[in-house]
Amino acid sequence: MKADHQDTGHFQKDTLLLLPSLLPLLLIFLYPLIQGILLTLHKNGEAGFTFYNYIQFFTVRDFSNTIFRTLVLVIPSSILEMTLAFAMAYHLRKPIRGKGLLNGLIMFPLTLGPLIVAVGMIDFFKPNGWFNLFLMHLGILHQPAQLLYNFWGTFISLTILGVGFIFSNLVGLMDSIDPSFEQAARSLGANGFQTFIRVFYPLIRSGVWNIFSLNVIMQLAVYSSAIIVGNPASSTRVFSVVAFEQAMQYFNYNMAETIAVIMAAVQFICLGVVHYIRKKGYVGSASTFK
Amino acid sequence: MHAGSRTVRTHRYKWRQILWNFLKALPFWLLIGGFILIILGMTVTVFLSAFSTHWFGTVLPAGFTFSWFTKAWSEYDIWLYFKLSLETTFIATAISLVLSVPGAYVFARRDFPLKSFLLGFYQLPFMLPELAYALPVAAIFYKLGLAETFTGLIIVQLLVGIPFSMVILIPFIEALDPRLEIAAQSLGADRLRMFSRIVVPQLIPGITASAINIFIRMFGAFVVILLISGPKMQTLNVMVFSVLSATGSQPQPMLDSLTLSLMLPLLLFTFLSMWVSRRLQRRVGK
Amino acid sequence: MSPQNPAGAQTSTSVQIEHVTKRFGNTTAVNDVSLNIKSGEFMSLLGPSGCGKTTLLSMILGILDVTDGEISFNATRVDDIPMHKRDVGMVFQNYALFPHMSIRNNVGFGLDMRKVPKKEREKRVEDALSLVQLETLAERYPKQLSGGQQQRVALARALVVRPKVLLLDEPLSNLDAKLRKEMRIQLKRLHQDLGITTIYVTHDQEEALSLSTQVAVMSQGVVQQIGTPQEIFLHPCNQFVANFIGYANFFEGRLEGESGDNFIFRSEDGLVLATKKDQAHSVGDSVLLTIKPENIKLVEGLSGRNSVGGRVVVSDYVGNTTGYEVLSEFGDHLKVNVLGFESFPEGTELTLYLDPAHLLMVAKE
Chain A
12 MKADHQDTGH FQKDTLLLLP SLLPLLLIFL YPLIQGILLT LHKNGEAGFT
62 FYNYIQFFTV RDFSNTIFRT LVLVIPSSIL EMTLAFAMAY HLRKPIRGKG
112 LLNGLIMFPL TLGPLIVAVG MIDFFKPNGW FNLFLMHLGI LHQPAQLLYN
162 FWGTFISLTI LGVGFIFSNL VGLMDSIDPS FEQAARSLGA NGFQTFIRVF
212 YPLIRSGVWN IFSLNVIMQL AVYSSAIIVG NPASSTRVFS VVAFEQAMQY
262 FNYNMAETIA VIMAAVQFIC LGVVHYIRKK GYVGSASTFK
Chain B
17 MHAGSRTVRT HRYKWRQILW NFLKALPFWL LIGGFILIIL GMTVTVFLSA
67 FSTHWFGTVL PAGFTFSWFT KAWSEYDIWL YFKLSLETTF IATAISLVLS
117 VPGAYVFARR DFPLKSFLLG FYQLPFMLPE LAYALPVAAI FYKLGLAETF
167 TGLIIVQLLV GIPFSMVILI PFIEALDPRL EIAAQSLGAD RLRMFSRIVV
217 PQLIPGITAS AINIFIRMFG AFVVILLISG PKMQTLNVMV FSVLSATGSQ
267 PQPMLDSLTL SLMLPLLLFT FLSMWVSRRL QRRVGK
Chain C
9 MSPQNPAGAQ TSTSVQIEHV TKRFGNTTAV NDVSLNIKSG EFMSLLGPSG
59 CGKTTLLSMI LGILDVTDGE ISFNATRVDD IPMHKRDVGM VFQNYALFPH
109 MSIRNNVGFG LDMRKVPKKE REKRVEDALS LVQLETLAER YPKQLSGGQQ
159 QRVALARALV VRPKVLLLDE PLSNLDAKLR KEMRIQLKRL HQDLGITTIY
209 VTHDQEEALS LSTQVAVMSQ GVVQQIGTPQ EIFLHPCNQF VANFIGYANF
259 FEGRLEGESG DNFIFRSEDG LVLATKKDQA HSVGDSVLLT IKPENIKLVE
309 GLSGRNSVGG RVVVSDYVGN TTGYEVLSEF GDHLKVNVLG FESFPEGTEL
359 TLYLDPAHLL MVAKE
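Protein chains in written order, with the working numbering: chain A, 12 to 301; chain B, 17 to 302; chain C, 9 to 373.
FYI, nobody ran anything at the bench for these hints, they're computed from the structure. A hint or two may mislead.
Simulated crosslink set (EDC-like; lysine to aspartate or glutamate; CA at most 20 Å straight-line) [stated by the list, open to error]: (1) Lys40/B x Glu193/A; (2) Lys24/A x Asp206/B; (3) Lys291/A x Glu147/C; (4) Lys93/C x Glu193/A.
Turn these sequences into a full structure, and let the hints steer you where they fit.
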């Protein structure tokens, strides 16, 4: 970029090259988004501006409970995912034979997507599936654990997908840390734990929180696993389930969109909290040069 | 004597060190092993179940048969949805790339006012819940008559395709050496020829890799398509979802055969993407 | 010892490296190296990249385990104790300053790990920073410092813990030429003041010769020669060492006879040269004769003893000297450096004089 000495004439012409990608997005993304927000301010089928939908959302239990149900599902699973993925990525940082294969397998669910993972779960976690057979054979369980069509079904599905997502991002993040920082800390007398707490973690913490919040964004929108391996009538009746129901069964796009907007608001509040935590500490690059 | 005592000390140290390292690593390996076993277990059971005659409470199915698989394909017209998915995804990938390359070039090479703001705009679809814009898109499409049409499917794929292409193409172009472009211009190439003869050819490896990733991403696109697709204009995964969410009336091997039909192309594309990126790395000399 | 010396107490540590070998799979990076570094010595490990010098340093530091052999400080074995208990100060090639800590905290890190009381920590950090003349920058962050300043912080951070041994891994290689020379002098003064045992890895022969009290030249995992800078420079033991420290012209041949103080040498091409006798060789030996480009002189007129005719192939004028590549009448390509401001163009016929006093017999590789 520094090599360019652009005169303003070219500069303006070049910016026009943005239009082919920008215009379609304005039409199929921004315009509908604005329309959608306007939708929430009308009652289904009526013209006048009203906060009816929002009042409905917060007064009708079935609607307002979705906030709680979604967060109870997503926040604990995200924390668990981060813990598991961090442990795996940190351990797989050393050069180990077959590391590429292990990495690929851990990220594999991400490729498959929630739908296939849900079907795989039905086969694997069903009462007489391999998982329960194995644990009963070991004597850990005496009767099959009910891990499908309830809260835990969706929780497991989110965890499997989330670990894949967080892991794939953490691998790149941890690779970017120059090992000489840790060597320097060790040479100055820090043991493994001190090196981790005082040097390694501070260097990646900002990135870790970023990945965490991206994962929360993705998981707040959980839908297909809540339907297929969850219990969409009660414990996994999350934002998306109710929104889809409003749109596709009652054709009430106004209410459905209201739920989507509130979901976005909850998401931004979560992001705000994460960002607040993240800001208290070193934010910046951890490479030695540049 | 002296040397002997030293060796003993070393051995004891090494033995303790090895034991300690093993104990330290054990929980990690159990975790990684357990996670991978669950993933492999899930994948393998889908395969086994799709081709099983009966499988109930035993370690392995009672017998194997192709009949569920062929039955699933004929009863659900899988080929129809499969073709539709491939066609729309392929066309939408191509359109996304063609529309995004010029913009990505501008982002990688030029500075202009509101640059970071615009970059943020391209990433906004990933930061917002898909439902927030998919619902009004569906409402508008139904009003315009675009819903439940081939064109409509392609257009909504661009919602994922364009932002995703931009995000992966910009770093690719930033990595190209700008001096080649300046050299081309100093040799008398005008801007169009500079772009088509210098920039695009260098980008082809990057575009190929991105195209496969965009393709995989779109093949898995779900929310918008579910909202605007009719019974006959569905992609494969929306169709599979409808069958799965409807009732538990279908026998499990049937559902597994459907899922397998969805999984095989994804596996194929993933291997393709890995193969291409490995070849690319070799070409770059990494 | 000056009162501000942060490396105060421990200065008398000797390092013994005994038959140390490091193998990675099938490749041997360090092969049976033994070095005895006396306390207070400044030892350079000199060699091209991939010669094993950094691997050896990593084993002393503790990043790598030895495959075989022993490393001891003051006759106490250290290769079996973990890195953070070895009390070794290290300056990394990229300095590895913690980007999330201020300069003060970077320097204080090692003291925190040793649980030094707060008052003493402050004083020692202050002393260490003043030792490298950076007292005023204590509150800055590494990114805000220039390369030379970062390098000094890295040095202060390594010294403040009073390490037994100071290790430096090409610390000057990321600096520009002028700064490199300045830092070299600072480093030398620091070593003279503190007297700390120092091991210095470099590929730059000038650095090694100017800083060290002892130099170990390494190649392919093996120490080729150990000696004072003078010994290495004046009496390289083999072709590799000679080549590495600047002997560029080699003649292969036999000692055919003797004449007074000199042997008479005849190269395979037929070039006859007289060279100073030494104890190690006798008439009839096959030897390799070498001379530095700057020790070949241009003479006018007829060729006498030890002179060769030739034609300039390339002339490389760099101001106060000119480097020539000369094709001799025997078909050798000779490299010649001549002091002076004038320069001969390509194609000039010259006579070269190879002084017997500067011709050196070395062992073939």
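Hints, verified against the model:
Simply put, Lys40/B and Glu193/A have alpha-carbon atoms about 19 Å apart, close enough for the 20 Å limit, and the pair holds. With a C-alpha separation of about 14 Å, the suggested pair Lys24/A and Asp206/B falls inside the 20 Å cut-off, and the hint holds. At roughly 18 Å between alpha-carbon atoms, Lys291/A and Glu147/C fall within 20 Å of each other, so this suggested pair holds. For the given pair, Lys93/C sits about 15 Å from Glu193/A by alpha-carbon distance, which is consistent with the 20 Å threshold.
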